[in-house]
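> Sequence:
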Amino acid sequence: MRIRPDPFVFVGLLALLLAGCAPTLNLDARRLPTQALSSHADSPLRTQLAAWIPPGESGFHLLKSGQAALAARLALAQRATRTLDVQYYLFHNDTTGKMVAASLLAAADRGVRVRLLIDDIDTADKELGLATLNAHPNIQVRLFNPFHTRSTSLLVRGWQALRESVRLNRRMHNKVFIADSQVGITGGRNIGDEYFGADHDLAFIDLDVVAAGAIVNALAQSFDTYWNSEAAVPASALPITPSDKRLQRTTRRLYEFRAQQLDSAYGRALTAADPIPGLLKGDTSWRIASADLIVDPPEKVLKRSKSPSSLLVGQLAGLWVNPTRHVLIVSPYFVPGAAGMAYFDYWRSQGIQIDVLTNAYAASDVPIVHAGYANYRIPLLEAGVNLYELKPVAEPIGGRLRDLSGGSSRASLHAKTFVFDDEHVFIGSFNFDPRSTLLNTEMGLVIHSPELAREVTDMAENAMRPERSFRPRLAIETVNGKIERRLQWTDVHQGSPRTFDREPDTTPIQRGLLRILQALPIEEYL
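Take the sequence shown: its position 68, counting from 1, is numbered 1203 in my numbering, and each next residue is one higher.
One should not assume that every hint holds.
[Stated by the list, open to error] Straight-line Cα separation of at most 16 Å, EDC-like style, residue types lysine to aspartate or glutamate; simulated pairs: (1) LYS1233 <-> GLU1391; (2) LYS1380 <-> ASP1398; (3) LYS1438 <-> ASP1260; (4) LYS1438 <-> GLU1391; (5) LYS1438 <-> GLU1299; (6) LYS1261 <-> ASP1229; (7) LYS1233 <-> GLU1365; (8) LYS1233 <-> GLU1192.
[Unchecked claim] Here are the in silico distance ranges between beta carbons for each label pair: (9) LEU1516 <-> LEU1289: 49 to 57 Å; (10) GLN1485 <-> HIS1583: 48 to 56 Å; (11) GLN1170 <-> ARG1387: 27 to 35 Å; (12) ARG1589 <-> MET1476: 45 to 53 Å; (13) PRO1190 <-> LYS1416: 17 to 25 Å.
Rather than coming from a laboratory, the hints here were simulated on the basis of the structure.
Glycine included, every Cβ here is placed at the ideal spot set by N, Cα and C.
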């Protein structure tokens, strides 16, 4: 009998062949430990902040718009005189990514020590650029949890991911930008156009916070822990050695590109949105409050975490931020799992109001995660949780949300923030899903400030208005003597209420795909 060739065997053999031809990391590359510099008495940032933040205290300011968030990073890079420590999950090679890279180079040219730590999930086509940055004597670049075989081929990277799924499925999702160990920015944004209002096809509604004062020491220590971890590999291990001429050429082009962008309409909008001058001069007030940094250990990606209490969720539980009245959860990817449902059931039994804002299916940029959420919608509603699903709208401007107009065709919620009893607010990288809980490393600040909590709640409540969000609800009806529950969605459009019996603003094909995805047994990876 004839044996039919198995296409999967062929694809596997092809991937092995390509991987065998691809270069690999030099895992013996020299890796010297470095730390945040402890003395910054001569930093102008320290001097300016001392006028507004009392000794031993911390100050905070929300970055609501994408333009303010980028402007703040560029301003801190420009004002740094000693160090810049930058840690991100994604760092795109687009307009805003190039502007940030140019600012890092400019700081390094002034003698500032720059440390850049990037997760390796999206660096395959950026190796030359990262190696070029690393060639600068004042810039060090490290890749976190890297693929050992270096290739831009999705086939090769996919094969590696399958072969080393336990390690490579775990990623560093942390996000922080620290200048002179005096001011830091953390939150939900990566570095890329869609996070900073510069992408015409997609805009993420996101939230960051500027932190200054005592809490920055904790941010700097967290960065050091990741920077010096076993999973952080120097960019000198890449199979690329850029020449000095390439560094000079890259620097010149990036400087020219940044100058052009700053002279554009978008650049002028950045200048207008920049909060840093006002914060340093006292024209814009800091929210003075105590705070706790909660962060996963880097060993989480290697499955070496010491105990559940060492993880971010365990640290949050250890803070004893126990709600008594109200819990607000804003998460773009929301898959509560059995543990999350247990918390919700308990809170509801205590009469605590729970409001959840997440993406509508039409607004989600990751349909497979929305499928995980869809499986919990009816149990959540039965438990008495209030659900709100954000429509495709544009990002927050000054605390309000505007409809898309003349810019992005679609927007998606990306902020990760929780508010407890209008007194404590979490802002960070943590999504309310199994991936953030069990697989990726995450970080965030728990800020004990009723004023800041109120600001975040006001933003969320504005987004939860029926003009801006769909409201899922349970419709109960009797069919053949049996009580049946089914989902409906309500909203207000152009002043008129509407009711939907299917996922709003979706096609039959999209809804069919969602049903298929809901049936997949992959919740722990979402």
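> Hint by hint, note whether the structure agrees.
Cross-check of the supplied hints:
1. LYS1233 <-> GLU1391: Holds, because 11 Å separates the two Cα atoms, which is no more than 16 Å.
2. LYS1380 <-> ASP1398: violated, 27 Å
3. LYS1438 <-> ASP1260: violated, 28 Å
4. LYS1438 <-> GLU1391: violated, 44 Å
5. LYS1438 <-> GLU1299: holds, 13 Å
6. LYS1261 <-> ASP1229: Roughly 11 Å separates the two Cα atoms, so the pair holds.
7. LYS1233 <-> GLU1365: violated, 29 Å
8. LYS1233 <-> GLU1192: violated, 35 Å
9. LEU1516 <-> LEU1289: 49 to 57 Å: violated, 39 Å
10. GLN1485 <-> HIS1583: 48 to 56 Å: Violated - the Cβ-Cβ distance for GLN1485 and HIS1583, about 21 Å, lies outside 48 to 56 Å.
11. GLN1170 <-> ARG1387: 27 to 35 Å: holds, 32 Å
12. ARG1589 <-> MET1476: 45 to 53 Å: violated, 28 Å
13. PRO1190 <-> LYS1416: 17 to 25 Å: holds, 20 Å
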